[in-house]
Amino acid sequence: MIKIISTAFLALTLSASVLAEETKNIVSFDLNKFYAGAGFSHNRIDTSSMIDGAKDGKASGAQVFAGYEYGSRNGFDISTEAGLIQTGDFFTGSEDADGVWLAGVVSKDLPEIDDKLSAIVRLGYGLGGDDGLLMGFGAQYRLLPQAFVRLEYLNKDITQSYQVNAIYKF
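Going by our numbering, the sequence shown opens with residue 252, and the numbers climb by one from there.
These are computed hints drawn from the structure, not numbers from a lab.
Cβ atoms here follow ideal geometry from the backbone N, Cα and C, with glycine treated the same way.
There's no promise every hint is true.
Said to hold, decoys possible - Simulated DEER-style distance windows between Cβ atoms:
id, residue 1, residue 2, range
1, Gly326, Pro396, 14 to 22 Å
2, Asp297, Asn325, 23 to 31 Å
3, Tyr419, Gly322, 16 to 24 Å
4, Asp340, Leu361, 19 to 27 Å
5, Lys359, Leu384, 21 to 29 Å
6, Phe327, Ala287, 34 to 42 Å
7, Lys367, Tyr404, 32 to 40 Å
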């Protein structure tokens, strides 16, 4: 499974590089708009909705991701993220939810609460252990000008994920 995930992540990276090179004359990418992140998650698989009387599975996990900011529109910051998630087994000797994902992320600063706080929403698609649409929401807090911490809830096809991530903007 790790070989499949590594290959998919490499393919995403190479595709982004080729796309960046081919669109160089159309759109110039600003390296200062790239960022990277990593974090931990607590994941729950909704088994009870598929099998009557079954217990929901739970597993810890970790993720890494990279993103690119496109800028602001009407006070909303727009970016794209691609990442890799790996979880433990939900049941003894059972499946995990390892995979790759791609998502659009929209954030909105909340200066009326705290000038370092932002609300975020995401919509994307995951491949791997939990294929399908993913969506989520959360909050992001700026610790330093280039360092952020993020708390999020993600709902995927059959799993839910509570995540805490650290982000560094280049």
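Each hint, compared with the structure:
1. Between Gly326 and Pro396 the beta carbon distance is about 20 Å. The supplied range of 14 to 22 Å therefore holds.
2. Range check, Asp297 to Asn325: about 36 Å between beta-carbon atoms, so the 23 to 31 Å window is missed.
3. At roughly 19 Å, the beta carbons of Tyr419 and Gly322 sit within the given window of 16 to 24 Å.
4. Against the hinted window of 19 to 27 Å, the Cβ-Cβ separation of Asp340 and Leu361 comes to about 38 Å, which falls outside the hint.
5. In this structure the supplied range 21 to 29 Å holds for Lys359 paired with Leu384, their Cβ-Cβ distance being about 22 Å.
6. Between Phe327 and Ala287 the beta carbon distance is about 22 Å. The supplied range of 34 to 42 Å is therefore violated.
7. A beta carbon spacing of about 21 Å between Lys367 and Tyr404 contradicts the range 32 to 40 Å that was offered as a hint.
Checked against the numbered hints above, the structure breaks hints 2, 4, 6, 7 and satisfies the rest.
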